[in-house]
Amino acid sequence: MNNTGKIPVTILTGFLGAGKTTLLNNIITKYSAKKFAVIENEFGEIGIDGGLIVGNIESMYELSNGCICCNLSEGLTNTLNNLLTSKYQFDNLLIETTGIADPSGVIDNFMAYEEIYKKFIVDSVICLADAQTYEESAEEQPEVHRQLAVADIIILNKIEDVTPEYGEHIKKLIRSVNPTAKLYCTSHAKIDNIDILDTFAYSPENVEKLVVDFKNATPLKFDMMDFNDNAPSFAANPKNKHNDAFHHSIVSEGFTVQGDMDEKMFVEWLQGVLQYNSASVFRVKGIISFAGRNKKYILQSVRQYFFIEEGGDWKDDEQRYSKIVFIGKKLNREAIEDYLQSFVI
1 MNNTGKIPVT ILTGFLGAGK TTLLNNIITK YSAKKFAVIE NEFGEIGIDG
51 GLIVGNIESM YELSNGCICC NLSEGLTNTL NNLLTSKYQF DNLLIETTGI
101 ADPSGVIDNF MAYEEIYKKF IVDSVICLAD AQTYEESAEE QPEVHRQLAV
151 ADIIILNKIE DVTPEYGEHI KKLIRSVNPT AKLYCTSHAK IDNIDILDTF
201 AYSPENVEKL VVDFKNATPL KFDMMDFNDN APSFAANPKN KHNDAFHHSI
251 VSEGFTVQGD MDEKMFVEWL QGVLQYNSAS VFRVKGIISF AGRNKKYILQ
301 SVRQYFFIEE GGDWKDDEQR YSKIVFIGKK LNREAIEDYL QSFVI
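Each residue of the sequence shown is one higher than the last, beginning at 1 in our numbering.
In case anyone wonders, no lab produced these hints; they're calculated from the structure.
Among the clues, some could well be false.
Derived lysine to aspartate or glutamate pairs resembling DMTMM-like cross-links, with alpha carbons at most 25 Å apart [what the hints assert, rightly or not]:
#1 Lys-119 with Asp-195
#2 Lys-87 with Glu-115
#3 Lys-315 with Asp-260
#4 Lys-182 with Glu-135
#5 Lys-315 with Glu-208
#6 Lys-171 with Glu-253
#7 Lys-329 with Glu-135
#8 Lys-329 with Asp-108
#9 Lys-190 with Glu-160
#10 Lys-6 with Asp-198
#11 Lys-330 with Glu-253
#12 Lys-330 with Glu-140
All values derive from a computational prediction rather than experimental measurement.
Build out the structure end to end from the sequences listed, making use of the hints.
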């Protein structure tokens, strides 16, 4: 367990053939002092990946004939409950999703169910991308970009099989989908010099640092508007040509608002946005300054679920602000800007 008293969870995702099982084995080998529980998810009636896991893993669960991102109430939740009631003591939980999974559904489990949230904490989501096939897969399979969009760590694997120039091209494409994740290049998913575990990507401190450092954040227009109780539609804006050259619709948008925001208005708006736009808003991270509060508040969301936690104190001489990063599909930057600015008191 980490300093929260919860068991950290590492979720491995990536499209078919990217090297997830190889990475899983490399993690177990590198962190040999830890006691792991492993959940392997396979799509099909006969599972074989579990037999490919190295090391002495006393608690191995193999979920076949279904994708756990689509079967939250049954396979995964039952398995987590079995783990909690078993006699096996473990330090970390590793979950390898299927190559066609949208990992946000897996993350939901650890945010939506109180009993699970009390015992587990998501340490990070790691996405593997195949340097050779990334571009082709991303064109044909929308899951590829969804996997990248929610990742905290992205590993561009099989980098030795492409030219340096093409490798830089792929890194640029990946950065256009998720500029906030840490990006590493590997051969054979080797992670000897990469910190994979205990990264605490979901901790308030790390989210605060990530959002502050986000280079795309720009000051908002100071156009005031009346608050609308109806959730806004984040349909594609014809004026937004961001990333058109990369032939995909997932974008990241960063915003900075100076001053304090009305807490009630912001939270109600965010609830509506995530409820009615969960298919297009994949991830939100932010630092929020609420009027009348001395703490910075750290926002995180995956699909329709979000939580806001206390961060550090605002300094007496510090100019207060809110910084928020949205990652999603065809986000309407102008609409988000106007709404955020309308909450400033």
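Evaluated hints:
1. Lys-119 with Asp-195: With a Cα-Cα distance of about 23 Å, the restraint between Lys-119 and Asp-195 holds, given a limit of 25 Å.
2. Lys-87 with Glu-115: Holds: Lys-87 and Glu-115 sit about 18 Å apart, inside 25 Å.
3. Lys-315 with Asp-260: Cα-Cα ~14 Å, so holds.
4. Lys-182 with Glu-135: 19 Å, holds
5. Lys-315 with Glu-208: Since the Cα atoms of Lys-315 and Glu-208 sit roughly 15 Å apart, the hinted pair holds (cutoff 25 Å).
6. Lys-171 with Glu-253: It holds: about 18 Å lies between the C-alpha atoms, which stays within 25 Å.
7. Lys-329 with Glu-135: 18 Å, holds
8. Lys-329 with Asp-108: Since the Cα atoms of Lys-329 and Asp-108 sit roughly 19 Å apart, the hinted pair holds (cutoff 25 Å).
9. Lys-190 with Glu-160: With a Cα-Cα distance of about 12 Å, the restraint between Lys-190 and Glu-160 holds, given a limit of 25 Å.
10. Lys-6 with Asp-198: Distance of about 12 Å is within 25 Å: holds.
11. Lys-330 with Glu-253: 10 Å, holds
12. Lys-330 with Glu-140: Given that 25 Å is the threshold and the Cα spacing comes to 18 Å, the pair holds.
Of the numbered hints given earlier, the model fails none.
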